[in-house]
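Participant: Sequence:
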Amino acid sequence: VFKPAFVPRLRIEADYSFIKEAGFPGGIGFSNIFLDVNQNGAASIFAGNIAKGNFPGSPGATPFANPGDLRAYLAADPANYNNVYAIDRFTNLGGIRVKTVNATIDYSVPTHGWGSFAVTSAMAYFISYRFQAIPSQKFYEYAGTATNGGTGVQGVLPKFRAYTTLDWSMGNFDVILGNTYVSAVRDRGAGGITYETNSAKTPATAFAGRIKPYTTFDLRVAYQVRNRDGHPNGFSLAVGANDLFDPMPPVSTNVFTPSAAYTDNTADVSTYSPLGRLVYVQASVKF
Numbered sequence: 001v002f003k004p005a006f007v008p009r010l011r012i013e014a015d016y017s018f019i020k021e022a023g024f025p026g027g028i029g030f031s032n033i034f035l036d037v038n039q040n041g042a043a044s045i046f047a048g049n050i051a052k053g054n055f056p057g058s059p060g061a062t063p064f065a066n067p068g069d070l071r072a073y074l075a076a077d078p079a080n081y082n083n084v085y086a087i088d089r090f091t092n093l094g095g096i097r098v099k100t101v102n103a104t105i106d107y108s109v110p111t112h113g114w115g116s117f118a119v120t121s122a123m124a125y126f127i128s129y130r131f132q133a134i135p136s137q138k139f140y141e142y143a144g145t146a147t148n149g150g151t152g153v154q155g156v157l158p159k160f161r162a163y164t165t166l167d168w169s170m171g172n173f174d175v176i177l178g179n180t181y182v183s184a185v186r187d188r189g190a191g192g193i194t195y196e197t198n199s200a201k202t203p204a205t206a207f208a209g210r211i212k213p214y215t216t217f218d219l220r221v222a223y224q225v226r227n228r229d230g231h232p233n234g235f236s237l238a239v240g241a242n243d244l245f246d247p248m249p250p251v252s253t254n255v256f257t258p259s260a261a262y263t264d265n266t267a268d269v270s271t272y273s274p275l276g277r278l279v280y281v282q283a284s285v286k287f
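Just so you know, we're using the numbering used here here: the sequence shown kicks off at 1 and counts up by one.
It cannot be assumed that every hint is accurate.
[To be verified] The calculated DMTMM-like cross-link candidates involving lysine to aspartate or glutamate, where the alpha carbons are at most 25 Å apart (straight line), are:
id: 1; residue 1: Lys159; residue 2: Glu13
id: 2; residue 1: Lys138; residue 2: Asp88
id: 3; residue 1: Lys20; residue 2: Glu141
[What the hints assert, rightly or not] Each pair of labels, with its calculated beta carbon distance range:
id: 4; residue 1: Thr111; residue 2: Thr257; range: 50 to 56 Å
id: 5; residue 1: Gly48; residue 2: Lys20; range: 25 to 31 Å
id: 6; residue 1: Leu74; residue 2: Leu278; range: 48 to 54 Å
Derived from the structure by calculation, the hints contain no laboratory data.
Even glycine gets a Cβ: it sits at the ideal position worked out from N, Cα and C.
Modelling step: build the complete structure from the supplied sequences, incorporating the hints.
Facilitator: Written out as structure tokens, the structure reads:
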């Protein structure tokens with residue numbers, strides 16, 4: 001916590017965190033199974049998860065014993081795709097390395113005859129967010145990206161996010177203007193090894209799009225009645241609007257390509273509000 005003497009009423013607090021986790025539970029992912037078995041054959045830790053003819057361990061199932069056997073079998077005849085059986089199991093294989101900084105800033109300014117002003121900002125910054133789907137893969141960076149549908153999918157992880165409010169109060173009036181800011185991210189579709197492999201092909205079958213920054217404003221005006229004859233003590237009335245200017249959730253520049261992260265809703269509604277402008281009236285009484 002930092003409270004500089006030369007700036008009265010300013011308070012800055014920051015926290016740094018580093019998370020290192022091994023054996024993170026999750027599905028192996030069919031693409032990971034295919035890639036690892038094709039590369040290592042019977043030596044793959046997933047050799048028992050895929051076979052031709054039937055599901056692994058079932059009558060008629062034949063494993064892919066040698067490196068390259070799986071790819072060669074699929075390339076020999078397109079109909080062979082229908083004769084490959086894979087089993088994905090929830091397994092403790094993944095790893096996560098996360099570095100973040102969280103900070104809050106509070107500053108207030110009283111005035112003579114103009115009420116008081118206060119600014120508060122809560123911020124979160126991803127220094128890095130690296131995820132490893134299986135031990136044979138490297139750690140992939142996900143901070144500042146949007147991913148969906150792959151084995152290493154992490155959703156939308158903007159590097160910077162903040163919510164800032166400006167509060168003016170005078171007498172019985174209180175006005176609050178709030179701002180939400182989410183930094184831009186790169187759309188990498190499935191992400192991880194799937195994106196890396198497909199983007200390196202000639203021609204490439206995966207492309208990085210861009211989802212622009214997201215900004216919304218909230219406004220609230222309140223009036224409180226205190227100790228007046230004929231009025232309950234603590235009566236307050238407020239009107240406000242969330243998402244005041246009604247922006248749409250940002251859409252990726254490659255949203256209409258198969259390699260985009262979000263092709264159904266075109267935006268991640270868990271990160272960007274789909275509701276639009278919401279106007280409300282609120283009344284409360286305290287006895």
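Participant: Tell me the numbers of any earlier hints that the structure contravenes, in ascending order.
Facilitator: none
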